[in-house]
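Spelled out from the first residue to the last, the chains are:
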Amino acid sequence: MKNNSPVTETELHAYIDGQLDGARRAAVETYLAANPAEAERVHAYARQNEQLHALFDSTLDEPVPEALRMKPARRAPNPMRYAALLAAAVVGGVLGWALRGEEPLTITANLPQQAALAHVVYAPEVLHPVEVGAREEAHLVNWLSKRLGAPVRAPHLSDAGYELVGGRLLPGEAGPAAQFMYQDIRGNRLTLYVRTTADGNRETAFHYAKEDKVGVFYWVDGPFGYALSGELERPQLLRVAESVYRALNP
Amino acid sequence: MRDTNLFDEHIPRLRRYARALTNDRTQADDLVQECLARAWEKLALWQRGTDLRAWLFTILHNLFVNDLRRRKNHPELLTLDDEALDAPRRATQEDGLGLRDLQAALNRLPLEQREVLLLVGLEEMSYAEVAKTLGIPVGTVMSRLSRARERLRVQLNGAGPALRRVK
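Protein sequences, first through last, are from chains A and B.
Quick note on this note's numbering: the first sequence kicks off at 1 and runs consecutively.
Quick note on this note's numbering: the second sequence kicks off at 1001 and runs consecutively.
FYI, nobody ran anything at the bench for these hints, they're computed from the structure.
Everything numeric in this text was worked out from a predicted model, so none of it was measured.
Please note: incorrect hints may appear among the correct ones.
Stated by the list, open to error - Below, computed lysine to aspartate or glutamate pairings styled on EDC-like, alpha-carbon distance capped at 20 Å: (1) B:Lys1042 to A:Glu242; (2) A:Lys213 to A:Glu125; (3) B:Lys1042 to A:Glu203.
If we strip away everything but chain A, and leave its shape as in the complex, we get (with noise of 0.2 Å):
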């Protein structure tokens, strides 16, 4: 910018704050020194820097609690878990930056992919889209359950529009893995991809995943990996995984 331009409101606040640079703090001084009214509100805004120092920097020497110094135990599932959890996941969201590009984590791994391709092999399926169907419910849960080693539950959905069909056992890369499959009232049908995780006992983000064009939320909660496939845009499809892990964790 030049030096003789006018002085904007933001090099106003940058002055303050000691983020203007030196041949444009000069303008800002010039500026000020003509403006009385304006080197006021500029001192009145300066002053208020000091004292929210003068209010809140006590708390910087206080000894620090020794339970927040702890690395904490793994914790019970809770909504704001969740809440950060979609935060997370939010396209452009406040987290977003920090997942941006990165490697998911290693109990993630090939799980959207395997997912996607339980989806596109089973979803197109007329005759026989799963092997237990919704109406033996408990008897589908109790055969993956046993199979998987641990707990399994098909979540309800009709709160997103989408009633269970039922589900299949599948062969997953460490072990078996369970489908169940959705569908809502125009015969559109979502998959959820369940398989154990090696460690157990993680939490990972919602990771948005895309295969070529089935959209793919996956986390890892618990013993459990999940993934959510769908032909469906993005946010959409999010609103289904918002409800699954609601119902996963009431």
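Got chain A; can you put chain B on it based on the hints?
Relative to the frame of chain A, chain B by itself:
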């Protein structure tokens, strides 16, 4: 377990920010504790080499905002609404610095403005860091900062609209 060197250096500043944000010592430390717990859980998601402080402040911001959202049905805990927290107005600035006036006015700021003002004025982040921490454009940071400062100034000068008194 005491394997906490990674976050330790940031804890005092997180506490200071949380204290200023919530105006409540207990709530502030609860918030910081929750923030650190989240950070441990999500450590694998932090990209080494990026700004750990901004990452931690982002987590704290998210927790606080979500917490407020969930508490909205409990008016006694609501701090977002600037009319909900009317304090009797102090008539003078005889305490020299007018610090209590500032604190009261700060609590009446909309949360989005209070956060920006504190991250800039207290935490001394650059505008770009604030934008990254809160997930908003720099232009939004500047407009919130400008509104926050002017609002505080008007209130502390007593030149603004009269504050309601507690009946």
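Each hint tested on the structure:
{"no.": "1", "hint": "B:Lys1042 to A:Glu242", "in the structure": "holds (19 Å)"}
{"no.": "2", "hint": "A:Lys213 to A:Glu125", "in the structure": "holds (17 Å)"}
{"no.": "3", "hint": "B:Lys1042 to A:Glu203", "in the structure": "holds (8 Å)"}
Violated hints: none; the structure is consistent with every hint.
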